[in-house]
Amino acid sequence: MKRFTCGELVEVITAYLDDALDEPSHAAVESHLACCADCGHYLDQYRATVRAVADQPPEKLSDRTRDRLMSAFRERRKP
Amino acid sequence: MGSFAGSALPPDDVIVSALRAGDEAMFAALLDTWSRGMLRVARSYVSTDDSAEEVVQDTWLAVIGGIDGFEGRSSLKTWVYRILVNAARKRGARESRTLPWSALDQDGGPSVDPARFHGPDAALPGSWKEPPASWPTPENQALAAEVRGLIGKALAELPPRQRIVITLRDVEGCASEEVCDILDISPANQRVLLHRARAAVRERLEGYFRSVMAAE
Ligand SMILES: [Zn+2]
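Which chain is which? The protein sequence lines are A and B, in order. So for the first sequence, this note's numbering puts the first residue at 1; every next one is plus one. So for the second sequence, this note's numbering puts the first residue at 80; every next one is plus one.
Just chain A, same shape as in the assembly:
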């Protein structure tokens, strides 16, 4: 049975969340997490980070550029 130390586990978290680990490694992560609250907290922090990164303020094209592109489309694609 494959085992991870906490220090090794934190390096495979992204692969684990992406479901990109091979079956024994995936199982080893799950069994480590089942009995290690510390890594559970790390995983929670990691997930919270991913959620927080998604929450960046929206960007916007300037009206000038947007207008220019709309008229370029209109000109070029005139039905």
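Derived by calculation from the structure, the hints in this document are not laboratory data. For glycine and all other residues, C-beta sits at the position ideal for the given N, C-alpha and C. Fair warning: there could be bad hints in the mix.
[What the hints assert, rightly or not] Straight-line C-alpha distance at most 30 Å; calculated BS3-like pairs for lysine-lysine:
1. B/K208 with B/K232
2. B/K169 with B/K232
3. B/K169 with A/K2
4. A/K60 with B/K169
5. B/K232 with A/K60
6. A/K60 with A/K78
[Stated by the list, open to error] Reference excerpt, derived from the structure (chain B facing chain A, CB under 8 Å, subset only):
7. A107
8. I162
9. N165
10. P193
11. A194
12. I245
13. D249
14. G252
15. V280
16. E285
17. G286
18. Y287
19. R289
20. V291
21. M292
Fit chain B with the ligand to the known structure of chain A by using the hints.
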């Protein structure tokens, strides 16, 4: 939410035929939905906001001109983003901000400081010395704004390749296969860049939450 994840755009074939038929509402919807993420990605390659906007503009002009030749071998989004990344790379090179895509050097090594774990002589080698804390959920508006600002700063300070990958994956909500296609990198490479980027942002947040919790 990412620009794509929250959007309700129709399937590619519907969009493509609408664009070919000159459907302005469809073009406007696409422009408004995708430009947000495109600006963010362009900004990772070039030095000013104006350059980023020009790169996005050039990309859309190329899309308008090239949509008749789109063959659907990749998704429309991937196709548009590939045009964007090529334009941004060229522009960045002119501004001497060349990104070394071949070497992984600055992205190697552990993503968490090895000093956080017990050494080989400890009872439990490789286990946490000081356990990671559970973080508060910032319900308070001011706190949430502070976290957003902190993350913006942390993203800006990442090595460019890490910043581009985390922007595509976590800010824009692209799938990993899409990111590999857009940037022409392997899944393993994509994962390493993403992992290091997330770990760096997590570390910043950890420092922040530690100070917030200490102050309470
Ligand atoms: Zn552990």
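Consistency of the hints with the structure:
no.	hint	verdict
1	B/K208 with B/K232	holds, 29 Å
2	B/K169 with B/K232	holds, 25 Å
3	B/K169 with A/K2	violated, 46 Å
4	A/K60 with B/K169	holds, 23 Å
5	B/K232 with A/K60	holds, 19 Å
6	A/K60 with A/K78	holds, 26 Å
7	A107	holds, 7 Å
8	I162	violated, 14 Å
9	N165	violated, 18 Å
10	P193	holds, 7 Å
11	A194	violated, 10 Å
12	I245	holds, 7 Å
13	D249	holds, 4 Å
14	G252	holds, 7 Å
15	V280	holds, 5 Å
16	E285	holds, 7 Å
17	G286	violated, 12 Å
18	Y287	violated, 10 Å
19	R289	violated, 11 Å
20	V291	violated, 14 Å
21	M292	violated, 13 Å
In terms of the numbered hints stated before, the structure departs from hints 3, 8, 9, 11, 17, 18, 19, 20 and 21, listed from lowest to highest.
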